[in-house]
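Both chains are given apart, each in its own frame, so use the hints to dock them into the complex.
Those protein sequences? They're chains A and B, same order as listed.
So the first sequence is numbered by this note's numbering: it starts at 988 and just counts up by one.
So the second sequence is numbered by this note's numbering: it starts at -7 and just counts up by one.
For the record, the hints were derived by calculation from the structure and aren't laboratory data.
Just to be clear, a hint being listed does not mean it is correct.
[As the list claims (entries may be wrong)] Calculated pairs, SDA-like style, for lysine to any residue (alpha carbon to alpha carbon, straight line, at most 20 Å): (1) A:K1137 - B:E86; (2) A:K1258 - B:R79; (3) A:K1137 - B:S87; (4) A:K1215 - B:C40; (5) A:K1244 - B:K109; (6) A:K1215 - B:P59; (7) A:K1215 - B:G38; (8) A:K1215 - B:E58; (9) A:K1244 - B:E53; (10) B:K109 - A:L998; (11) A:K1244 - B:V60; (12) A:K1244 - B:S87; (13) A:K1258 - A:V1085; (14) A:K1264 - A:P1247; (15) A:K1244 - B:R79; (16) A:K1215 - B:K109; (17) A:K1258 - B:S78; (18) A:K1244 - B:E55; (19) A:K1215 - B:S78; (20) B:K109 - A:K1137; (21) B:K109 - A:V1085; (22) A:K1258 - B:G52; (23) A:K1258 - B:G38.
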Amino acid sequence: MSTVATEVNDLEDIEISLLLDGLYRAYGFDFREYSRASIKRRILDLMHGENLATVSAFQDRVLHDAACLNRFLLGLSVHATAMFRDPSFYLTFRKKVVPLLRTYPTVQIWVAGCSTGEEVYSLAILLQEERLYGRCRIYATDISQAVLRKARDGIFPLAAMRDYTNNYHQAGGANEFSDYYTAQYDSVIFSSALKSNVVFSEHNLATDGSFNEFQVILCRNVMIYFNKDLQARVHHLLYDSLSMFGVFGLGNKESLKFTPRAAFYEHLNDKDKLYRKVM
Amino acid sequence: MAYEIVVVGASTGGLRALRVLLSGLPAEFFLPMVIVQHRGKHMETGLCEFLAHSSRLPVGEPEDKEPVLPGHAYLAPRDYHLLIQSRSFALSTESPVGFARPSIDVLFESAADEYRKRAIGVILTGANHDGARGLAAIKAQGGLTLVEDPVTAVCREMPDAAINLTRVDWILPLQEMAAGLYRLSINPGQYES
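This is chain B alone, in the form it adopts within the complex (with noise of 0.2 Å):
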């Protein structure tokens, strides 16, 4: 059974985590990959070009009813939640979810509902708690569910509430992680042996 599309989130630490994780990724990476990085509603833009630069695949902020392609990376916009529902990103100015906007959860908890077994969740470095009900939401569907080991981690809040909340298929050190998903994208019955 292939997986469709890959969330992370991530929080404080996070730029350096997910320039770590993109930059593992080869160019023919071909499932989609949504994230959601935490950022003041103030800070500019620039964290885009940031990650482009260390990504093979292309790097952009999508707009409401942009569809979602394979062999891209999605990084959700400030001050918005992005979900994604017949397989379109769609974005809301809801309320934020725990101090969050964008919110890990929602848009977890949207791909979980959307991809159901298909999804593949990763919490990376945090010091809150978001994601860890969007991660237990796919597990829930029959979706794979990978935390960064807290020991690799800067900030192990975001992790161990995910841990804690959910029998995570897998807990990797952020180093190996992109390989991790690469092996899982072309040989998705991996976990299962």
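The shape of chain A in the complex, shown without the other chains (with noise of 0.2 Å):
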């Protein structure tokens, strides 16, 4: 077996550490209690991104270039996502979560960690199609500002709209998709209805705390990223910011089993991600 090969494993996990927290004492991002194992993928693939050899020349262009340290942030924190993904947990949402909001008079929602907004403009669709938008707010929070620019703008490339349209069609959308967008060149904007009651702002789920009771909370695939003890900590905040009867939603191969929280929620069906608080 090869022992330099693991002596330079080890001094890139002793690296990475000092790099991670070097961030957080600078500037306060967070990202020590991220999963490991993609992080670490993440870091590496930025850092041969920007030519460089060692995790600790990358620390030293993070630390003290601005312009390095957003193109950092940009690549921790997107997550690749799609409109309507698992078109199935919207299905369920249209049949079992829109009737139980159409009992409210105002309806307070919030997508966490939105990324670059697909999520957010499936759900402003499928509630505007419910008819039930108009009394809807919802907010998206991410960490990153300049991952909420992109989701404010609206703008997703043209060659991702087959695949989207046929989530859409699969989530019960009746319409057409192409209603919902102009096409300029490889792109498309949202129309811009789509988000006159959403609020972008930033938010960390690492550190920051609750902001507002809520009667529907998304979560769907942001904890993954998550190691263990943040994503309990992220499963107490959603839980506290969540109303009584509040619905949860999850990304389908995450799972309230090996959380703190398990107990305290209903599944809405056996097959979605979708839970209800009832305690």
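Right under this line is the structure:
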């Protein structure tokens, strides 16, 4: 076996810890409790993108070069998602959650970790079709300003629309999906009516607290990047931010099973990761 | 020195190859086996049931943070990368790597990091180069590397790519892969003799 490789690997882990520690102490961005395996991949990818050979050299640049810091933060905070990802989740939302929401005069919704906004626009389309959008306010939050700017712009690649259109119809959408956007060159821009009741704002799940009480919280494929301790903390935060009988949605390979709040929710069906707070 | 995990990568032709591999493993095979099989984004589930049908080990698609258990086979869910961290699964929706999500390289590199020399990597049939880098990472950490003999593979590109990048430990015909893994699981020193 190669002891050299093992040593390089251990050294890299130390360097990554130092980088994340430095980032937190210098700028307050806290990635220290992110799942190590995936954040390590991202850091090494970004490091190679900067043409640097060691994490220490990368740390030097991240701490002293503001443009590099921004690229780094963007690289760590984007999680690739899709509109109407897991169509059956949205179909169940339409069938089971919408009727619940009709009973409220106003509905506060939090999309926590909204990234570039695909999920926010999907939800807005669904609520508009169900004639609920007017009484909803959607808080779309993420830790990165750059990502939020993209979400606010609502501009997505034209090439993605075929997949999104399929997803939309599988999710119970009955209109022409292209009615919701205008294509220009190789991009599309979504109708600004879809964001009239959306508030995009910066929020860090790792360090910030609760800021409202919500009837719906979606936090899909966000906590998969956190380690178990941070996941547990965020589950407490989301639970505390949800009104009694509020609805909580996770990604379809996430589970409440391994979390401290599992017993406080009931499943809306046995397939999709939609839960209702019952305790 | 005992092995703790087997990671397996397959692409084109993989369904048949995985069925041969899984059906050849006895129920007492105790190493967890984690499998990435490339499949289309829209290919619906059913693969798991298909594989479970030919396996004496329980086969499932892991959820995030689910612990890796001995005697289980796990299939990476479609449209996610699958990684291992602190003896639990971690999922990611980061961009595809080499057009693949799940990516074999992503799983293998995380297994190399997590298990070091206690990992066994297996590359089966496929028409691309995914897994070659991951297998090299396992080898670099002192783990054991196995590749399906390109001659028995439906598509030999993936085995060839792995063999070209790494001096792999064993090149085995598909039919002998299960027996080889079983022997390694009960007698880990065998390779060194």
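Broken hints, numbered, in rising order? Result: hints 2, 4, 5, 7, 12, 16, 17, 20, 21 break, sorted rising.
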